[in-house]
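2 protein chains.
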Amino acid sequence: MSGFEFDRALELRPGKAPGEMIGDVDDRWMIGKGVNGGLLMCLAAAALRSQVDRDGAHPDPLALSAYFVLPTSPGPISLTTTVLRAGRTMSTGQVVLSQPGPDDHPQERMRALATFGDLGDRMAPHVRSAPAPVIPPPEECVSRQAAPDFLQHSSLVSRMDLRLDPVSAGWLHGKPSGLGVLSGWVRFSDGREPDPMALLWALDALPPVAFDLGLYGWVPTLEFSAHLRGRPAPGWLQVQLRTENVIGGLMEEDARIWDSGGRLVALSRQLCGFRLPR
Amino acid sequence: MSGFEFDRALELRPGKAPGEMIGDVDDRWMIGKGVNGGLLMCLAAAALRSQVDRDGAHPDPLALSAYFVLPTSPGPISLTTTVLRAGRTMSTGQVVLSQPGPDDHPQERMRALATFGDLGDRMAPHVRSAPAPVIPPPEECVSRQAAPDFLQHSSLVSRMDLRLDPVSAGWLHGKPSGLGVLSGWVRFSDGREPDPMALLWALDALPPVAFDLGLYGWVPTLEFSAHLRGRPAPGWLQVQLRTENVIGGLMEEDARIWDSGGRLVALSRQLCGFRLPR
Numbered sequence: 001m002s003g004f005e006f007d008r009a010l011e012l013r014p015g016k017a018p019g020e021m022i023g024d025v026d027d028r029w030m031i032g033k034g035v036n037g038g039l040l041m042c043l044a045a046a047a048l049r050s051q052v053d054r055d056g057a058h059p060d061p062l063a064l065s066a067y068f069v070l071p072t073s074p075g076p077i078s079l080t081t082t083v084l085r086a087g088r089t090m091s092t093g094q095v096v097l098s099q100p101g102p103d104d105h106p107q108e109r110m111r112a113l114a115t116f117g118d119l120g121d122r123m124a125p126h127v128r129s130a131p132a133p134v135i136p137p138p139e140e141c142v143s144r145q146a147a148p149d150f151l152q153h154s155s156l157v158s159r160m161d162l163r164l165d166p167v168s169a170g171w172l173h174g175k176p177s178g179l180g181v182l183s184g185w186v187r188f189s190d191g192r193e194p195d196p197m198a199l200l201w202a203l204d205a206l207p208p209v210a211f212d213l214g215l216y217g218w219v220p221t222l223e224f225s226a227h228l229r230g231r232p233a234p235g236w237l238q239v240q241l242r243t244e245n246v247i248g249g250l251m252e253e254d255a256r257i258w259d260s261g262g263r264l265v266a267l268s269r270q271l272c273g274f275r276l277p278r
Numbered sequence: 001m002s003g004f005e006f007d008r009a010l011e012l013r014p015g016k017a018p019g020e021m022i023g024d025v026d027d028r029w030m031i032g033k034g035v036n037g038g039l040l041m042c043l044a045a046a047a048l049r050s051q052v053d054r055d056g057a058h059p060d061p062l063a064l065s066a067y068f069v070l071p072t073s074p075g076p077i078s079l080t081t082t083v084l085r086a087g088r089t090m091s092t093g094q095v096v097l098s099q100p101g102p103d104d105h106p107q108e109r110m111r112a113l114a115t116f117g118d119l120g121d122r123m124a125p126h127v128r129s130a131p132a133p134v135i136p137p138p139e140e141c142v143s144r145q146a147a148p149d150f151l152q153h154s155s156l157v158s159r160m161d162l163r164l165d166p167v168s169a170g171w172l173h174g175k176p177s178g179l180g181v182l183s184g185w186v187r188f189s190d191g192r193e194p195d196p197m198a199l200l201w202a203l204d205a206l207p208p209v210a211f212d213l214g215l216y217g218w219v220p221t222l223e224f225s226a227h228l229r230g231r232p233a234p235g236w237l238q239v240q241l242r243t244e245n246v247i248g249g250l251m252e253e254d255a256r257i258w259d260s261g262g263r264l265v266a267l268s269r270q271l272c273g274f275r276l277p278r
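In the order they appear, the protein sequences are chains B and Z. Numbering follows my numbering, with no gaps: position 66 of the first sequence is 66. Numbering follows my numbering, with no gaps: position 242 of the second sequence is 242.
It is worth saying that the hints were derived from the structure and are not from the lab. Just so it is clear, CB atoms sit at the ideal spot from N, CA and C, and this is done for glycine as well. Be careful, since some hints might not be right.
[Unchecked claim] Simulated DEER-style distance windows between Cβ atoms:
id	chain 1	residue 1	chain 2	residue 2	range
1	B	K16	Z	T89	28 to 38 Å
2	B	G235	Z	R13	52 to 62 Å
3	B	P234	Z	L276	22 to 32 Å
4	B	M123	Z	S155	34 to 44 Å
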């Protein structure tokens with residue numbers, strides 16, 4: 001059993017049904033009243049990996065798309081996996097995450113499709129990749145001690161050491177930049193080093209980019225698609241969130257992650273809701 | 001029965017199983033040896049719409065994510081739908097597209113998750129959106145008469161009137177720009193006006209952006225996620241494809257579409273394979 005809380009949170013055991021994995025989510029990963037979507041996507045990936053990576057050939061999620069059907073609460077979860085294709089270089093499958101509903105019957109909370117492979121085989125050839133944006137080093141960035149109460153109340157923020165680029169941190173005192181960009185550094189607060197699963201989590205760990213536009217309301221995720229593109233080096237992850245299209249109650253949030261060596265290692269796009277301030 | 005070939009291609013009828021829709025794909029929508037993924041995503045959306053839009057409240061796909069398991073050939077198809085949630089403003093469901101396999105049993109070719117709603121309710125408020133890139137008008141762009149043989153042999157290209165920005169058309173005579181950008185205009189060749197379903201198709205209708213990097217090989221799509229953000233005005237659609245990260249045999253292709261009024265109406269990202277030229 002790992003001493004790191006992220007690894008403990010992803011511990012699953014076989015359930016009774018074929019392809020079923022079960023586990024428990026505790027209240028350490030809350031954002032608002034629900035469990036952080038990034039953690040749920042990691043649980044889905046962990047469940048599917050147990051099915052598609054039996055011979056160690058396809059250990060890494062290359063792509064994962066999750067649709068959030070209902071919020072997930074702390075407590076027992078069931079993950080039902082279906083392998084759609086087991087190929088030579090990749091495997092594809094589905095995961096349904098459910099919890100007991102009001103009548104105690106399983107109620108679906110999230111469904112994901114994912115393709116697994118080996119990121120160790122995906123480092124070369126390198127034709128091109130996005131350079132990391134230039135921001136101040138972590139020690140010159142804004143840490144969560146400066147966060148207002150509504151972020152302090154999310155247990156998720158205690159799981160990480162987050163440092164925001166000062167340019168992206170104006171919203172902390174009511175002065176969002178209006179650029180629609182949020183940049184910073186993130187690592188686990190207990191010192192666990194990043195791996196592909198941590199990237200999947202980190203893509204959805206920062207405060208919403210909506211805050212940089214002065215949209216402070218709840219931004220529920222409809223759909224989240226992640227692409228993992230490399231195994232990260234140890235150390236800080238540099239994350240940048242952006243949004244361009246904020247229309248009719250919906251906005252996309254694009255995330256990119258670079259490792260401590262400046263190498264692009266993950267991308268994501270999510271579609272989420274927003275509300276204008278009254 | 002519509003006189004337009006896109007509408008005819010999306011005609012489905014109820015199958016025997018609950019939630020099953022069946023149809024036929026003809027050889028008009030081929031790219032290489034497979035049926036165009038954009039058309040398959042539209043078929044999936046059409047099947048799911050028949051289940052989630054019975055009262056006309058959720059006619060439009062807002063988000064759709066498809067995983068391509070095996071190539072689809074011309075011939076009969078079956079689309080098995082599952083409604084995951086029917087909400088007030090949105091509904092979410094799943095579609096499995098299958099064809100008879102070698103042993104005549106159904107063999108899965110593509111699986112998609114999608115959320116439907118009403119794009120008519122999604123035009124305002126408008127906080128921000130990406131402006132359309134400035135490119136020459138369609139009559140000053142490069143049409144497919146200039147395309148080399150390997151594009152002429154795709155039946156898909158006959159379905160559309162495609163005009164490439166001359167800056168993006170260098171690859172047609174072996175001189176790709178190397179920018180990783182492909183811009184142009186597209187409309188159906190039979191005059192059918194665009195609607196949200198046409199946007200879903202147009203996101204995956206252009207030649208791959210890989211061509212602009214001199215990567216002319218087959219670029220199979222692993223995963224495709226589309227966001228539809230508005231109902232398009234009649235006329236040309238302006239499409240831009242971009243890629244930033246071309247590493248280890250995988251690249252993302254991001255597409256954006258603006259309607260004839262310059263309004264952003266659709267976004268997508270796909271993860272696809274590439275091979276370096278020998």
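Item to check | Earlier hints that do not hold, by number | outcome: Hint check: nothing fails, all pass.
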